[in-house]
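There are 2 protein chains.
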Amino acid sequence: MKIAVVGGIAAGTSAAAKAKRTAKDADIIIFEASGYVSVGACGMPYYLAGYVPEAEHLIVRRPEDFEKTGIKVKVGWTVNQIDLKEGKLYAEDSSGKGEWFSFDRLVLATGATPRKLNVPGAQLEGVFYLKGYPDLLKIENYLKENNVKNVVVRGSGFIAMELVEAFVEKGFNVTSIASFMPVSLDQDIADGIPSLLDSRGVKRIWRDDIEEVQGDHRIKAIKTKSGEVIDADMLVVALGVVPNSQLAKDAGLELSVNDSIKVDERMQTSFEGVYAAGDCAHSYSAVDGSPVYLPLGSLANRHGRVAGTNVAGGNAVMPKIAGSTISKLFDLGVAKTGFNERELERRGISYKKVVIKAKDKAHYYPGSGTIKVKLLWEERTGRLLGGQIVGLYTAVKRIDVISAVICMRGTVEDLKNVDLAYAPPYSPVWDPVTVAANQAAKD
Amino acid sequence: MKIAVVGGIAAGTSAAAKAKRTAKDADIIIFEASGYVSVGACGMPYYLAGYVPEAEHLIVRRPEDFEKTGIKVKVGWTVNQIDLKEGKLYAEDSSGKGEWFSFDRLVLATGATPRKLNVPGAQLEGVFYLKGYPDLLKIENYLKENNVKNVVVRGSGFIAMELVEAFVEKGFNVTSIASFMPVSLDQDIADGIPSLLDSRGVKRIWRDDIEEVQGDHRIKAIKTKSGEVIDADMLVVALGVVPNSQLAKDAGLELSVNDSIKVDERMQTSFEGVYAAGDCAHSYSAVDGSPVYLPLGSLANRHGRVAGTNVAGGNAVMPKIAGSTISKLFDLGVAKTGFNERELERRGISYKKVVIKAKDKAHYYPGSGTIKVKLLWEERTGRLLGGQIVGLYTAVKRIDVISAVICMRGTVEDLKNVDLAYAPPYSPVWDPVTVAANQAAKD
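Protein chains in written order, with the working numbering: chain A, 16 to 458; chain B, 16 to 458.
Keep in mind that the hints were calculated from the coordinates and are not lab data.
Hints may be right or wrong, so weigh each one.
Pairs involving identical chains hold if they fit within one copy or between any two copies, as the list cannot separate such chains.
Claimed, not checked - With a Cα cut of at most 20 Å, we get these calculated SDA-like pairs of lysine to any residue:
{"hint": "1", "residue 1": "Lys374", "residue 2": "Thr409"}
{"hint": "2", "residue 1": "Lys376", "residue 2": "Thr409"}
{"hint": "3", "residue 1": "Lys457", "residue 2": "Ala38"}
{"hint": "4", "residue 1": "Lys235", "residue 2": "Gln138"}
{"hint": "5", "residue 1": "Lys367", "residue 2": "Asp458"}
{"hint": "6", "residue 1": "Lys277", "residue 2": "Ala266"}
{"hint": "7", "residue 1": "Lys238", "residue 2": "Glu140"}
{"hint": "8", "residue 1": "Lys376", "residue 2": "Leu407"}
{"hint": "9", "residue 1": "Lys374", "residue 2": "Thr385"}
{"hint": "10", "residue 1": "Lys457", "residue 2": "Val370"}
{"hint": "11", "residue 1": "Lys185", "residue 2": "Pro381"}
{"hint": "12", "residue 1": "Lys35", "residue 2": "Asn453"}
{"hint": "13", "residue 1": "Lys374", "residue 2": "Tyr66"}
For reference, chain A alone in the conformation it holds in the complex (with noise of 0.2 Å):
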């Protein structure tokens, strides 16, 4: 059995790895554009900032690696033409050299692209997008030759902020453009943030979005559409990802939400035998079992693990999944699970909320500090919809209670009723998260 999988960051290797543990006998090839394979993307902002001491340190596991077990790995070939009725794929290395391939089976794990910013001056040197790893040493070398003092970071997800973080920790004036309020937790429990942010120094432009980028070949200035002028000597853009589909839709699979390629619970894609998994496919929600887009390491490996067992022959469900994200910024933790207020109401499903503040250890025990957990439930069921904690970063993986309670599809009643495990320094005697549910339980 020929199994091709194309992209090999997160999901691409998790899936050939898999694979290759559920049929032995396989033979596995990975078809990887860029000049690295396996690695902890997620870090690179930590680099940035100076707490992983080597860019290296980020890269799991090496081609080498992977041929040790028997898997092929073809570095710096892309793949840009697939038929899946003939089995076989045209791939091209570096030079522009192509070849055909067969395979019995297929696993896309194509990734995404950094959506762009579509402005006059775009394309000037010194603005970037961190997605891979190749952008990673791209913003290195730059940052090294050139004498960088103002950086601009344009977005307000969760990586803006880690950038912001980062750039901040490197000592550069940093300015943080966000059209919206960042992060995607709701405004009443997000609150904290801006005055994090002016306490850190960040220059904040939010609910404005930028309007050119101004300078000769290299970035000099940023102009906003309400006119402010700001000097930066570098920009990066985080504005969200789209998924790279464009393959698979060339190839005739069909596509789902946000354009990612659509998959059944078993990673399966439109056509039997071809399987997707990572920042290219979509998962389903376990709040309402529709389809949701949610590039994330975490499910990027999920999504992998799942598509290599099936492709392999073994038989794997993907969990339907509540989109737990977590995020430090500075001192303080943010996280989410399940759906925000927005994403409720943009999906018509009403709901009940509270938003409760507490300790986080006991009030006596030193560094206790706030924390303000909120959870969004359905009023007639009780059923979980959603919870979003922000506190102090150690404080906050707690956000994991709450997902498994809606992992299993439970109640706030459910959640009140998890037995929380107590001592003062890890929480007061009655945890945040059971205070939100007490109320939200009406207890």
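Given chain A's structure and the hints, the job is docking chain B onto it.
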């Protein structure tokens, strides 16, 4: 409606406060034998360690705080007789002057008493137990008035270990005597604890016991069963507790596991209108439904809330519990939920197990440490029976995810499918809990 509450530390005050909120015009009176109410007793080791600057910080609310909400508090009054049929109880103040009080309904929150050391010399000055706030003041006073250098802690539970940490932090020479492997974890996961204590200079005398406490009127040394003699200026005994259920038994109430007061899921005793809560009562296990005696602060407050609702005419059910516990031991955290191997064997429940070792954060993230996760489950159904975690103390609160699945009667497959929030400062892309669940679910 006259409601009497016997005991005013955790469960009693929770019950009284909740009863008052449930029935605003109820006439509520708390009897507390000690001089204090509403104490965060779990914080006492941290005060001894010097982490909490003032012992008074452990006091959550004072009698006057309750009086303000219309709850009467009789501090220093000991209840020593209850006539359930007549609806009256006899209480004495600290001078021994007694009085009968009538009630319509009753909550017993009489707590528990430390299990006593029963060897020659156990009555000597300098031998202490630590259960209530007065015990803490006695220990503090003794330390002030005596030139204490050598402290021995007898016991193997979480509190004993917290005391070991406290006395090490204060610079004493500390000896830990334990008759079995400390903390309620299985051997295969707790094996890092001895070397941790060794590295902190603790003298460990384990799998041994005290034969005699030596001294004149004050402790001078301890002789162990194996014949070792250790200098000791102070001994703190933490051998667990026994429920204070004699008063209830004398009143005709039925007892249950470990001689705790028998209660139903509404915390009602065998006599209608009489409730019990906290360390004097038991809970029911979410694993097998059996009554379990777990004298924990978190459960005491839950018990109290349920008893308080019901005694005031409401209708609340105490959820079945996983029995989650957690403790910090220097930089290490240990956590447990559900049953351990010994507890499963005692109940005749057959189980499968897995122990995994992983990083607690992304491998490249600074400060990432090693964590061990153990899962126990029923082979036939996959139902989760227990979990244990040992690792950096900031990393072990993820036990709550395992607890959530146990509380919802889930399987290792359910645990595997929980969508845990990922970012490099919080976990590897596969959370250690998921890694363990994947192995258990044979994925």
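Structure-based check of all given hints:
| no. | hint | verdict |
| --- | --- | --- |
| 1 | Lys374 <-> Thr409 | both (13 Å within a copy, 16 Å between copies) |
| 2 | Lys376 <-> Thr409 | both (11 Å within a copy, 12 Å between copies) |
| 3 | Lys457 <-> Ala38 | between (52 Å within a copy, 15 Å between copies) |
| 4 | Lys235 <-> Gln138 | within (13 Å within a copy, 81 Å between copies) |
| 5 | Lys367 <-> Asp458 | within (15 Å within a copy, 37 Å between copies) |
| 6 | Lys277 <-> Ala266 | within (13 Å within a copy, 68 Å between copies) |
| 7 | Lys238 <-> Glu140 | within (16 Å within a copy, 78 Å between copies) |
| 8 | Lys376 <-> Leu407 | both (10 Å within a copy, 17 Å between copies) |
| 9 | Lys374 <-> Thr385 | within (5 Å within a copy, 28 Å between copies) |
| 10 | Lys457 <-> Val370 | within (13 Å within a copy, 39 Å between copies) |
| 11 | Lys185 <-> Pro381 | between (29 Å within a copy, 16 Å between copies) |
| 12 | Lys35 <-> Asn453 | between (47 Å within a copy, 17 Å between copies) |
| 13 | Lys374 <-> Tyr66 | between (28 Å within a copy, 17 Å between copies) |
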